[in-house]
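The listed protein sequences correspond, in order, to chains A and B. The numbers in the first sequence follow numbering that gives the first Met the number 0, run straight up by one, and end at 156. The numbers in the second sequence follow numbering that gives the first Met the number 0, run straight up by one, and end at 156.
Hints are supplied without guarantee of correctness; some may be wrong.
For chains that are exact copies, the list does not tell them apart, and a pair is met inside one copy or across any two.
Claimed, not checked - Taking lysine-lysine and the DSS-like style, the derived pairs with C-alpha atoms no more than 30 Å apart in a straight line are:
id, residue 1, residue 2
1, Lys45, Lys123
2, Lys45, Lys120
3, Lys29, Lys121
4, Lys139, Lys120
5, Lys139, Lys29
6, Lys2, Lys139
7, Lys45, Lys2
8, Lys120, Lys2
9, Lys123, Lys139
10, Lys29, Lys123
The hints are simulated quantities; they were obtained by calculation from the structure and are not laboratory data.
Number of protein chains: 2
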Amino acid sequence: MKKSFQDYYPETLSHCYGCGPNNTHGLQIKSYWDGDESIAVFHPEKHHMAFPGFVYGGLVASIIDCHSTGTAAAASYRAEGREIGSLPPFRFVTASLHVDYLLPTPLGPPINLRSQIIEIKKRKIIIETNLLVNDAITAKGRVVAVQIPDHLVPETS
Amino acid sequence: MKKSFQDYYPETLSHCYGCGPNNTHGLQIKSYWDGDESIAVFHPEKHHMAFPGFVYGGLVASIIDCHSTGTAAAASYRAEGREIGSLPPFRFVTASLHVDYLLPTPLGPPINLRSQIIEIKKRKIIIETNLLVNDAITAKGRVVAVQIPDHLVPETS
């Protein structure tokens, strides 16, 4: 199976609730390139409800957030011509997150995320995301991602 | 025990993952007045991790979001001089959510939310929130909450 951006995270940075492959309680979102855009598909659980029939807004925000920071890391590797996952790792955190909820997001079908890189600098990347269900854009996100400060990076094995 | 804003939600609107008292998988945040501000305290779980020692950003966004929509409902009752929980219910959804992550949020101590109502209209309320751990503001949120569209409201029992 094709490896996602998150599957290349170093083990010490792989426990995020939203995107860590090693967080067994978490959402474990998986992001991939599709040309110049990044994509992810998330299958919500019944309990990810706002009210009957619709996804709660915190989930929408969470998956946009983690998909964006993963995209930022992948984009950095690509910008430097480095193989994804090569050391030292790129790993981004969120400086700001903005979500516009355009329509209620139906709970049931897969949620599709599709992101564009709006601005890329060495330590700061801006990502914009459309969140779609059944081909309708129900939310739009904008994330300013910054490289994780060095003093917060656990030792990389 | 004092009832929170969320404890007054009608049963049909009480299943939100973030704030529904009837979502057994959910976060079940509880919000209260403290003078003109609203407050909530959230106790994160170990798995709500971004990376070791810190809370993941999606949780920060989620609790700001739900605390804000709960505050919007409570503020509407108060603005109309009605008892909270009286019918017909006020229930708000999020039109937009903005979070600035100022510092990494330590994972372990209680997370405190403290919100101010910036603007209040009949169907639209703007709420700003400081999120604090150990008295340090680690994130700031701004939510534009709008009354849930009538056609989305399940029948109230």
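Against the structure, the hints come out as follows:
1. Lys45 to Lys123: Classified as between; 29 Å across copies, 35 Å inside a copy.
2. Lys45 to Lys120: neither (39 Å within a copy, 33 Å between copies)
3. Lys29 to Lys121: Only inside one copy: Lys29 and Lys121 sit 23 Å apart there, 41 Å across copies, limit 30 Å.
4. Lys139 to Lys120: both (22 Å within a copy, 24 Å between copies)
5. Lys139 to Lys29: both (19 Å within a copy, 28 Å between copies)
6. Lys2 to Lys139: within (26 Å within a copy, 35 Å between copies)
7. Lys45 to Lys2: Both: 27 Å inside a copy, 27 Å across copies.
8. Lys120 to Lys2: within (25 Å within a copy, 48 Å between copies)
9. Lys123 to Lys139: Classified as both: same-chain Cα gap 20 Å, cross-chain 20 Å, threshold 30 Å.
10. Lys29 to Lys123: So Lys29 and Lys123 pass the 30 Å test inside one copy only (22 Å; across, 35 Å).
The structure is inconsistent with hint 2 alone, although it conforms to all the rest.
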